[in-house]
Amino acid sequence: MTQGLEKETIYSSSFQEVLARTADEDARRLRAAAFKYFTENGFPTPRDEEWKYTNSAAISDFGFRISDFGAGDDGSEFLSGFDYRRNGFTALHLAFAGVRVVRIPKDTSLAEPLEFTFKADEDGAIFPHLIVVAERGSKATIVETYESAGTSFTNAGVQIFVEDDASLTHYRVQKESAESYHVGTTEVTLKRGSFYNATNINLGGKLARHDVHLKFTAEGGEAYVDGLYMLSGDQHSDTHSEIDHRVPNCTSHQNYKGVLNDRSRGVFNGKVFVRENAHGTDAQQSNKNLLLSNDARVDTKPQLEIFNDDVKCAHGATVGQLEDEELFYLLSRGLNGALARNLLTYGFAEEIVNKIEIESIKKELDEAVLNRLHTSLEA
Amino acid sequence: MLLEIKDLHAGIEGKEILKGLNLKVNKGEVHAIMGPNGSGKSTLSKVLAGHPSYEVISGEVVYEGKNLLELEPDERARDGVFLAFQYPVEVPGVSNSQFLRLAYNEKMKHLGEEELDPLEFNDYLKEKAKIVEMSPEFFKRSVNEGFSGGEKKRNEILQMAVLEPKLAILDETDSGLDIDALRIVAEGVNKLRSAENGIILVTHYQRLLNYIEPDYVHVLAGGKIVKEGGKELALELEEKGYDWVRAATK
Ligand SMILES: Nc1ncnc2c1ncn2[C@@H]1O[C@H](COP(=O)(O)OP(=O)(O)OP(=O)(O)O)[C@@H](O)[C@H]1O
Ligand SMILES: [Mg+2]
Numbered sequence: 001m002t003q004g005l006e007k008e009t010i011y012s013s014s015f016q017e018v019l020a021r022t023a024d025e026d027a028r029r030l031r032a033a034a035f036k037y038f039t040e041n042g043f044p045t046p047r048d049e050e051w052k053y054t055n056s057a058a059i060s061d062f063g064f065r066i067s068d069f070g071a072g073d074d075g076s077e078f079l080s081g082f083d084y085r086r087n088g089f090t091a092l093h094l095a096f097a098g099v100r101v102v103r104i105p106k107d108t109s110l111a112e113p114l115e116f117t118f119k120a121d122e123d124g125a126i127f128p129h130l131i132v133v134a135e136r137g138s139k140a141t142i143v144e145t146y147e148s149a150g151t152s153f154t155n156a157g158v159q160i161f162v163e164d165d166a167s168l169t170h171y172r173v174q175k176e177s178a179e180s181y182h183v184g185t186t187e188v189t190l191k192r193g194s195f196y197n198a199t200n201i202n203l204g205g206k207l208a209r210h211d212v213h214l215k216f217t218a219e220g221g222e223a224y225v226d227g228l229y230m231l232s233g234d235q236h237s238d239t240h241s242e243i244d245h246r247v248p249n250c251t252s253h254q255n256y257k258g259v260l261n262d263r264s265r266g267v268f269n270g271k272v273f274v275r276e277n278a279h280g281t282d283a284q285q286s287n288k289n290l291l292l293s294n295d296a297r298v299d300t301k302p303q304l305e306i307f308n309d310d311v312k313c314a315h316g317a318t319v320g321q322l323e324d325e326e327l328f329y330l331l332s333r334g335l336n337g338a339l340a341r342n343l344l345t346y347g348f349a350e351e352i353v354n355k356i357e358i359e360s361i362k363k364e365l366d367e368a369v370l371n372r373l374h375t376s377l378e379a
Numbered sequence: 001m002l003l004e005i006k007d008l009h010a011g012i013e014g015k016e017i018l019k020g021l022n023l024k025v026n027k028g029e030v031h032a033i034m035g036p037n038g039s040g041k042s043t044l045s046k047v048l049a050g051h052p053s054y055e056v057i058s059g060e061v062v063y064e065g066k067n068l069l070e071l072e073p074d075e076r077a078r079d080g081v082f083l084a085f086q087y088p089v090e091v092p093g094v095s096n097s098q099f100l101r102l103a104y105n106e107k108m109k110h111l112g113e114e115e116l117d118p119l120e121f122n123d124y125l126k127e128k129a130k131i132v133e134m135s136p137e138f139f140k141r142s143v144n145e146g147f148s149g150g151e152k153k154r155n156e157i158l159q160m161a162v163l164e165p166k167l168a169i170l171d172e173t174d175s176g177l178d179i180d181a182l183r184i185v186a187e188g189v190n191k192l193r194s195a196e197n198g199i200i201l202v203t204h205y206q207r208l209l210n211y212i213e214p215d216y217v218h219v220l221a222g223g224k225i226v227k228e229g230g231k232e233l234a235l236e237l238e239e240k241g242y243d244w245v246r247a248a249t250k
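Line order of the protein sequences matches chains A and B. Residues in the first sequence are numbered from 1 upward in steps of one, following our numbering. Residues in the second sequence are numbered from 1 upward in steps of one, following our numbering.
One or more hints might be untrue.
Taking lysine-lysine and the BS3-like style, the derived pairs with C-alpha atoms no more than 30 angstroms apart in a straight line are [as the list claims (entries may be wrong)]: (1) A/K215 with A/K36; (2) A/K363 with B/K140; (3) B/K140 with A/K362; (4) A/K363 with B/K109; (5) B/K166 with B/K24; (6) A/K362 with A/K139; (7) B/K140 with A/K355; (8) A/K175 with A/K139; (9) A/K271 with A/K362; (10) A/K355 with B/K126; (11) A/K362 with B/K126; (12) A/K191 with A/K312.
Hint data in this document are derived by calculation from the structure and do not stem from the laboratory.
My request is simple: use the sequences and hints to build the entire structure.
So, in structure tokens, the structure goes:
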């Protein structure tokens with residue numbers, strides 16, 4: 001596959017700049033290796049099992065202006081652990097990554113959330129890479145927000161390390177324009193007795209893909225990886241998650257919901273691995289989808305791979321429409337059909353939005369959800 | 001005349017349940033409908049509220065001079081028809097107060113009256129909740145979600161209090177209520193009873209009718225009203241059972 005030879009040169013000349021800007025020798029070597037991987041493999045195609053439902057050709061066909069890359073913190077000690085070989089996107093990401101390293105100091109509780117907003121301009125491509133280390137016994141909330149103007153390309157990477165007994169709440173809000181391309185990878189490493197609570201909200205993007213890779217590396221970890229994708233028009237959103245129970249006595253919960261209108265398309269692929277020695281694992285996964293139009297479509301595939309008997313695992317996926325009895329109940333109280341449908345849809349999405357404890361973000365998302373439904377609860 | 005049902009035949013999934021039902025309700029009247037399980041009481045309630053699964057085969061329903069059967073369920077509601085469900089539906093993720101305010105404002109819009117913003121509505125709701133002694137903690141909770149059976153029934157009457165219907169159909173609102181709740185809810189209904197509205201009370205038990213005295217009692221059996229009388233008919237039924245009515249009408 002010789003996808004976008006021309007684009008390759010665009011990336012190539014920009015890459016020379018990135019290399020020139022990278023002072024650290026290790027970082028330079030890493031970027032070069034990643035870029036080599038990208039030039040050799042290109043972007044993934046639907047023939048790649050992990051990209052079966054998501055065709056990235058549109059991204060490789062578009063001549064983005066590469067902006068805002070390669071600068072920032074060093075972070076090579078962490079970057080070397082980032083698995084850029086997953087696919088062409090992760091490789092290209094690492095080659096251009098603009099790195100930011102944030103540490104939450106040991107035994108510190110942050111009262112205010114740490115907020116990171118990444119914005120891609122019209123025709124621009126950005127490669128933000130955020131590294132968050134929640135040191136032992138710390139407690140914090142981070143908010144990662146993606147915005148864009150018009151047609152743009154965001155290729156993001158996040159590495160999270162929650163150390164022993166630390167607790168991290170993570171909100172990821174992707175509200176780019178409906179014309180943007182967004183690919184993001186989140187890697188999470190959980191240590192002993194740590195707690196990680198993520199809510200991933202996907203509203204924007206013409207084509208959006210988010211991969212979460214979470215691994216428990218010591219006992220007693222607990223993770224929530226929840227999310228909502230709310231799509232309309234011709235939007236396409238693909239979530240791949242991989243939860244790796246490689247040690248005993250850890251708990252993972254996943255609750256993803258999808259609301260799909262018009263001709264939109266959703267993909268959810270959730271893998272849970274319970275390794276041989278991971279006894280006492282508790283892993284729950286649920287993916288519920290609401291189709292609001294006959295032309296909307298979702299492909300959902302929960303996947304449990306269990307190599308241990310002493311575990312508690314449950315998973316389930318549903319694809320459905322609004323409940324007739326619920327609809328009639330609202331109609332019987334005088335709500336018109338459109339409002340009743342929208343209110344039920346809002347209620348469906350609220351289970352995820354309600355998790356958010358920062359009032360300003362919750363309110364904004366409430367409004368975003370209602371906006372999508374062309375409904376106001378204030379009227 | 002508030003409501004007139006003439007020779008109504010209706011059913012569900014091709015099965016005829018109501019087989020020539022007649023009923024007249026004037027403003028200011030309370031009508032109790034009693035009858036054995038499966039006789040069609042909830043079917044009648046759902047048909048009046050406009051549930052799309054039920055089909056009207058023949059007959060007429062005139063509400064305030066209009067053909068009720070022509071109206072969509074939400075139009076009926078905005079025009080003052082209210083059904084307290086035998087099995088209230090849970091609506092996850094939508095708070096009771098959001099839901100009630102939307103419903104209230106839809107009705108106000110329809111009447112060309114002023115709508116209430118969340119703060120104003122909250123005050124209004126608090127006043128209404130007193131009628132059924134409902135704690136404001138239920139306002140924030142999702143509609144009926146996780147409510148006990150009795151709490152759901154009480155919530156139905158709260159909705160009735162908020163929407164102030166002209167025709168209220170209460171389908172077994174008493175079932176599931178404990179002794180105190182029954183008294184509270186019944187007293188609530190009495191407060192909502194006025195010369196301007198009519199109430200149809202579907203019930204199995206005389207107990208409720210001790211609190212809410214009906215003007216008329218109808219016995220529905222086999223899809224028809226088979227006996228009618230004053231409030232003393234309910235006492236007689238309680239004593240003699242439905243076989244007595246069935247035997248008498250054969
Ligand atoms: N979807 C359906 N398909 C077939 N029959 C139905 C359906 N729904 C209801 N019925 C039948 O219609 C009849 C009338 O039911 P309805 O609920 O109106 O009775 P009811 O008088 O309210 O009884 P109860 O006192 O137990 O509440 C019953 O025999 C019931 O089984
Ligand atoms: Mg019934």
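Taking 30 angstroms as the top limit, are the C-alpha atoms of A/K362 and A/K139 close enough?
-> Roughly 20 angstroms between the alpha carbons, so the hint for A/K362 and A/K139 holds.
Within 30 angstroms, alpha carbon to alpha carbon, are A/K175 and A/K139?
-> Roughly 26 angstroms between the alpha carbons, so the hint for A/K175 and A/K139 holds.
Keeping to a limit of 30 angstroms between CA atoms, is the pair of A/K363 and B/K140 held or broken?
-> Holds. A/K363 to B/K140 sits at ~15 angstroms (cutoff 30 angstroms).
Straight-line Cα separation of A/K363 and B/K109 no greater than 30 angstroms?
-> 26 angstroms, holds
Is A/K215 close enough to A/K36, meaning Cα to Cα at most 30 angstroms?
-> Holds: A/K215 and A/K36 sit about 27 angstroms apart, inside 30 angstroms.
Given the proposed pairing of B/K140 with A/K355, does the C-alpha separation stay at or below 30 angstroms?
-> 15 angstroms, holds
Decide if the proposed pair is consistent with the structure: A/K355 and B/K126, CA atoms, cutoff 30 angstroms inclusive.
-> Holds, at about 27 angstroms.
Assess, step by step, whether the Cα of A/K271 is no farther than 30 angstroms from the Cα of A/K362, and give holds or violated.
-> Satisfied, since the Cα-Cα distance of roughly 28 angstroms is no more than 30 angstroms.
Is the straight-line distance between the alpha-carbon of A/K362 and that of B/K126 30 angstroms or less?
-> 26 angstroms, holds
Going straight from one Cα to the other, do B/K140 and A/K362 come out at no more than 30 angstroms?
-> Holds - the C-alpha atoms of A/K362 and B/K140 are around 16 angstroms apart, at most 30 angstroms.
30 angstroms limit on alpha-carbon distance, applied to hinted pair A/K191 and A/K312 = 21 angstroms, holds
For the pair supplied as a hint, B/K166 and B/K24, confirm whether the alpha-carbon distance does not exceed 30 angstroms.
-> 14 angstroms, holds
When each numbered hint is compared with the structure, no violation occurs for any of them.
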